[in-house]
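**Q** Each chain, written out:
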Amino acid sequence: MARLIALGAFGDLLPLQTGDVTCTEVMRETLFCVAPYRGQHKAVSAALKAQLGLSLPAAGRRKIAGDAICQWIGHDAWVVSAPVMLDGLAAVSDQSDGYAALDVAGAGVEAVLARLIPLDLRSTTFKVNHTARSLLGHVPVSITRTGAQAFEVMVMRSMAASLVHDLQVAMSGLARRGSA
Amino acid sequence: MGYSGFQIIKEGLFGQKGWKPLWRDPAPKARYDAIIIGGGGHGLATAYYLAREHGLTNIAVLEKGHIGGGNIGRNTTIVRANYFLPGNQEFYSHSLKLWEGMEQDLNYNVMHSQRGLINLFHSDGQRDAFVRRGNAMINQGDDAILLDREGVRSHLPYLDFDNGRFPIYGGLYHPRGGTARHDAVAWGYARGADQRGVDLIQNCEVTGIDIENGVVTGVQTTRGAIRARKVGIVTAGRSGQVAAMAGMRLPIESHVLQAFVTEGLKPVIDHVVSFGMGHFYISQSDKGGLVFGGDLDFYASYAARGNLPMAEHVMEAAMTLMPMIGKARVLRSWGGIMDMTPDGSPIIDTTPTKGLFIDCGWCYGGFKAVPASGFAFAHLMATGQPHATAAKFRLDRFRTGVGLMDEEGTGSQHNLH
Amino acid sequence: MRINCPHCGERDRREFYYMGDAVAVTRPAPDAGPDAWDDYLHNRDNPAGDTRDLWYHEAGCGAWIVVARNTLTHAVHGATLAQKAAS
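Residue numbers (my numbering), protein chains in the order written: chain A, 1 to 180; chain B, 1001 to 1417; chain C, 2001 to 2087.
Any given hint could turn out to be false.
[Claimed, not checked] Residues of chain C placed beyond 12 Å of chain B at every Cβ, according to the derived structure:
1. Arg2002
2. Asn2004
3. Pro2006
4. Gly2009
5. Glu2010
6. Val2025
7. His2042
8. Ala2048
9. Gly2078
[Stated by the list, open to error] Residues from chain C shown here face chain B by an in silico Cβ test under 7 Å; the list is partial:
10. Met2001
11. Arg2014
12. Tyr2018
13. Asn2043
14. Asn2046
15. Thr2071
16. Leu2072
No wet-lab data here; the hints were simulated from the structure.
The C-beta atom is built at its ideal place from N, Cα and C for all residues, glycine as well.
Bound conformation, chain A alone:
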């Protein structure tokens, strides 16, 4: 089978740097949504453990093993970064081209996100591999802390340009103030 060239969702919009915050695209060639059938949660978790080395994380959490991730993405739904076989256990749909993700990182990242997302994202409450669904401006997002000063933001692909626009406005606004 021909190997296709992966194109990013953000085109020329990324990378972006303003002040001490940078945005870079997170390229994921494959992404699958896993929605366990009723009563199959434990079986799905065990199957994923065997296939990816990752069991299902709790609501609001993400797990990583090597290159593979398994991330809670909503009510009874997770995304995994590699193909999985869960026949009879879960609805699995290929959403590789459905989502766009970016990393936003730097010393001022919490201050930038505080302007856009109505959640307490400070590291004391929102720790590494904590993830949440909410609004960034008016855009529905999945946001995950990936480091002390780094977050990953995932949106539906059609919202990629709006996401960058909102981040850019917040980043430049904050940079012009000189400090958070």
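With the hints as your guide, set chains B and C onto chain A.
**A** Coordinates of chains B and C only, in the frame set by chain A:
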């Protein structure tokens, strides 16, 4: 007490000391021919027309608070007859005619001002819909004029005609639409009813409805039991609670609709204007405040106040349509309690209990309906037959599916209107 | 008004879509007859006070939840997944 120019001059000269209260404060009698539960606009109008049209004067209006303290004092005072569907059309057309004769009829200044109402449209499709509505209004015998962009500009030069998302294509102009002083409407009807012998009993909460063998016999109140063979429930905003006293569950959810007023300004907006692409409508009160509102908060509530997301939405729509409003300062905001029916239209009907009648479900259109609702409900209570203008406001239309009046075309289901 | 989502914690009202009284978790049987269905579809207790209604966490986790709430004060007492409330 009548009003005359001579009397106003005399009172002006002698310190305004000769005015008397507009209505008596009677104690409830043990028995009346008919009882109206609810001393709001609709209840007072019902009592007035029962007395004037049907000669029924041994009646009482029972109000748990004070006259004019409910939704009649919490609306945005707009009066119009621009409905589209049969049922609503003839009713609101009749209502507007009653408004036009109200001040002479009541000998009371309700400050009814037919300043004209303009509903703006912002796309070709919306123009088509308004042309259709305008034709329906003209067929009903009311007035409607289609304005193009320049026509709107000649009336409302202060709007943002070239907004990037919602440019103004034109408007449907309803010259007989306008506003009235909401409190004065309650006072005028109260005075008129009182003069004809109706007992207006305030601070008298109904706590039970007495029914024997399927026939109403009276009510229990905080001021004692009162007998009557006819009882009318006119308590929009609390219809469910009162109907429950008669064992009824109504097709109603109560929602909150917010309204706002700015500090007083010099005359700037001399029409009623509504935005076609966002939830925003506005007029200027005679005191100078810009009175505006939007859509429901969209959750069941009796709190008479709303939440900030809808306030923000209304302000955004206001700024989109008329950026100049950004200079005005909001003085206060409040909420009215809306009896929301599944199809967005009201109910004036008999009930399974003989002698018990109900007038409810006014959604967000109760103020303009005050005279026609009172007129039709009085007719129903006096004759047992629905008045021709309100014959379609049936309680059973949701069960049967016949005669639904879904003005917004969103479907007959709760939470869509 | 802030609502406690069982998955996401306390969130602003604007993340939620409202679906009215939580009658949908006690739906009549398909053959229950027209009166039961009319009552289910149209008639409401519509309480002035404590109520249970259905909300959808549209801009969050996407769960339907049953919220215990007061219609006079707007106080939110708690919420459970509609999935659990229905089963």
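**Q** Does each hint fit the structure? Answer for all of them.
**A** Structure-based check of each hint:
1. Arg2002: violated, 10 Å
2. Asn2004: holds, 15 Å
3. Pro2006: The claim holds: Pro2006(C) sits with its nearest Cβ about 19 Å from chain B, beyond 12 Å.
4. Gly2009: holds, 19 Å
5. Glu2010: About 15 Å separates Glu2010(C) from the closest Cβ of chain B, which puts it past 12 Å; holds.
6. Val2025: holds, 15 Å
7. His2042: violated, 4 Å
8. Ala2048: violated, 4 Å
9. Gly2078: Consistent with the label, Gly2078(C) stays out of reach of chain B, its closest Cβ about 16 Å off (over 12 Å).
10. Met2001: With a closest approach of 5 Å, the Met2001(C) hint holds.
11. Arg2014: holds, 4 Å
12. Tyr2018: holds, 5 Å
13. Asn2043: Holds - the Cβ of Asn2043(C) comes within 7 Å of chain B, reaching about 4 Å at its closest.
14. Asn2046: Holds, because the Cβ-Cβ distance from Asn2046(C) to chain B comes to roughly 4 Å (cut-off 7 Å).
15. Thr2071: holds, 5 Å
16. Leu2072: With a closest approach of 5 Å, the Leu2072(C) hint holds.
Hint compliance for this structure: hints 1, 7 and 8 are not met, and every other hint is.
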